[in-house]
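Sequences listed follow chains F and H, in order. Counting from 1, position 154 in the first sequence corresponds to residue 154 in the numbering used here; the numbering is continuous, with no gaps. Counting from 1, position 81 in the second sequence corresponds to residue 81 in the numbering used here; the numbering is continuous, with no gaps.
By construction, these hints were calculated from the structure, which means they are not laboratory data. Quantities reported herein were computed from a predicted structural model and do not represent experimental measurements. Don't be surprised by glycine CBs; every beta carbon is placed ideally from N, CA and C. Where hints are given, some of them may not hold.
Label-pair restraints from in silico Cβ distances [to be verified]: (1) 24(F) with 145(H): 32 to 38 angstroms; (2) 91(H) with 156(F): 43 to 49 angstroms; (3) 188(F) with 50(H): 44 to 50 angstroms; (4) 85(F) with 31(H): 55 to 61 angstroms; (5) 45(H) with 186(F): 42 to 48 angstroms; (6) 130(F) with 31(H): 53 to 59 angstroms; (7) 40(H) with 76(F): 22 to 28 angstroms.
Short, incomplete list of chain H residues facing chain F, as computed with Cβ under 10 angstroms [stated by the list, open to error]: (8) 34; (9) 50; (10) 53; (11) 60; (12) 121; (13) 132; (14) 135; (15) 168; (16) 169; (17) 195; (18) 196; (19) 202; (20) 208.
Each chain is listed here by its residues.
Number of protein chains: 2
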Amino acid sequence: MTAILRPDAGAAVRRGPGRPRDDGLDDQIISATLDIIDAEEEVTVSRVVSRSGVSRAALYRRWPSLTTLITDALDVGRTVPSPISSNGDLRQAILGMLLGDSSSVTEFGYSEERFRQRIRLVMADRELQKAYWHSHVARRRVPMEQALHAGIDSGILRRDLNVEACFDAIAGTVYYQLVVRGDRMTDDASRTRIAAAFDLIWRGMLAV
Amino acid sequence: MTAILRPDAGAAVRRGPGRPRDDGLDDQIISATLDIIDAEEEVTVSRVVSRSGVSRAALYRRWPSLTTLITDALDVGRTVPSPISSNGDLRQAILGMLLGDSSSVTEFGYSEERFRQRIRLVMADRELQKAYWHSHVARRRVPMEQALHAGIDSGILRRDLNVEACFDAIAGTVYYQLVVRGDRMTDDASRTRIAAAFDLIWRGMLAV
């Protein structure tokens, strides 16, 4: 039996003569990990092995580190948003990302319960937090940050804009609703505050 | 033996003839609760009783609800900030609160570890989150919100300002550093982003 690693990170298939592809193992492992997280239990190798039915060796081959496994599991269902067209209305495009397709900017594309679990886990483990930040959150910021840079180049936005700080302020307002106020993204009051805050921030970003 | 409740909320003393005041019990209970939180154990009545050495009856008399006990414990060391003078430089006063005496606006007056524990606990329990918000966070917002209203009245800030949204954007930027990026308030990069974000938000708040 030969083991062939797929070139894409984090995913692997073993193939043997006459055997079906067993990509399914990745899903079994991720799904077991999410079950453990949702049950508010600590994710351990033993628990993942026992819930997924996948061998310890196969688990280690796919995810040599539990931290990576947990960040990948937490990221299920999330995608990097599409690039924002630089021709359209930039303000509307960002507001749409914020309040419409909220998955893009604000990390709330998955269920709120999963979001709360993610925050709980990362606040308990800074290494996991940093790993999740680098491998997932930072990547999802790129399309909006690129759009802001395009806005600077086209003269709509201030030349001296700190694009990272703009993103932090916009997304931070959303996090504040969920992490501090304990409100939901579907609450009208939250949506009103988010829109009002974005309005302020946008005004502050405009070239004079 | 008679039990006399002090008029101030959450604190009680029992006095008996010839017995010393036992105010100390409140501190013992709070301190035991913080020990349990810091040990990342679940706060239960049994654990508080056993760690504090205070009787179950005395505990219930002082804190009929565990939620209130936990919010009071998490609030130890925090104070409501002083009013901001409406005569001085409002921009500087807020920036000072943010980056200097950060306890006032941003909830980080206590150790970062305690802050991380607090977020962990409230994300696991929305009732606790709402209780902490109403009894503690919302009160600490008042001085800055009053200063912003004074800024509107004096004509510095826009008449149509959503003061709550301003606060959420400013404090949200700070939370983003700690909750999403996993950075520390003492990191230069974080402080630079917070100052830049505040600059944007302030510009957006100004009357035109």
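Here is how each hint holds up against the structure:
Checking the proposed 32 to 38 angstroms range against residue 24(F) and residue 145(H) shows it is violated: the Cβ atoms sit about 54 angstroms from each other. As the Cβ distance of residue 91(H) to residue 156(F) is approximately 25 angstroms, the hint placing it in 43 to 49 angstroms is violated. A C-beta distance of roughly 45 angstroms is found between residue 188(F) and residue 50(H), which places it inside the suggested range of 44 to 50 angstroms. With their beta carbons about 58 angstroms apart, residue 85(F) and residue 31(H) fall inside the hinted range of 55 to 61 angstroms.
Taking the beta carbon of each, residue 45(H) and residue 186(F) are about 35 angstroms apart, not inside 42 to 48 angstroms as hinted. Checked against the hint of 53 to 59 angstroms, the C-beta distance between residue 130(F) and residue 31(H) comes to roughly 32 angstroms, which is inconsistent with it. In this structure the hint that residue 40(H) and residue 76(F) lie 22 to 28 angstroms apart at CB holds, the actual value being about 26 angstroms. Violation of the interface hint for residue 34(H) is found here, the shortest Cβ-Cβ separation to chain F being roughly 17 angstroms, above the 10 angstroms cut-off.
Violation of the interface hint for residue 50(H) is found here, the shortest Cβ-Cβ separation to chain F being roughly 24 angstroms, above the 10 angstroms cut-off. With a least beta-carbon distance of about 29 angstroms to chain F, the hint placing residue 53(H) at the interface is violated under the 10 angstroms criterion. Checking residue 60(H) against chain F: minimum C-beta separation of about 26 angstroms lies over 10 angstroms; hint violated. For residue 121(H), the shortest C-beta to C-beta distance to chain F is roughly 9 angstroms, which falls under 10 angstroms, so the interface hint holds.
The restraint placing residue 132(H) at the interface with chain F holds, with a minimum CB-CB distance near 8 angstroms, inside the 10 angstroms limit. Interface hint at residue 135(H): violated, since its Cβ lies 13 angstroms from the closest Cβ of chain F, which is beyond the 10 angstroms cut-off. With its C-beta approaching chain F no nearer than about 5 angstroms, residue 168(H) sits inside the 10 angstroms limit, and its interface hint holds. The criterion of a C-beta within 10 angstroms of any C-beta in chain F is met by residue 169(H), whose closest approach is roughly 4 angstroms, and the hint holds.
Interface hint status for residue 195(H): upheld, as the beta-carbon distance to the closest one in chain F is roughly 8 angstroms, under 10 angstroms. The interface hint given for residue 196(H) holds, since its Cβ lies 4 angstroms from the closest Cβ of chain F, which is under the 10 angstroms cut-off. The interface hint given for residue 202(H) holds, since its Cβ lies 7 angstroms from the closest Cβ of chain F, which is under the 10 angstroms cut-off. The interface hint given for residue 208(H) is met, as the beta carbon of that residue sits about 9 angstroms from the closest beta carbon of chain F, less than 10 angstroms.
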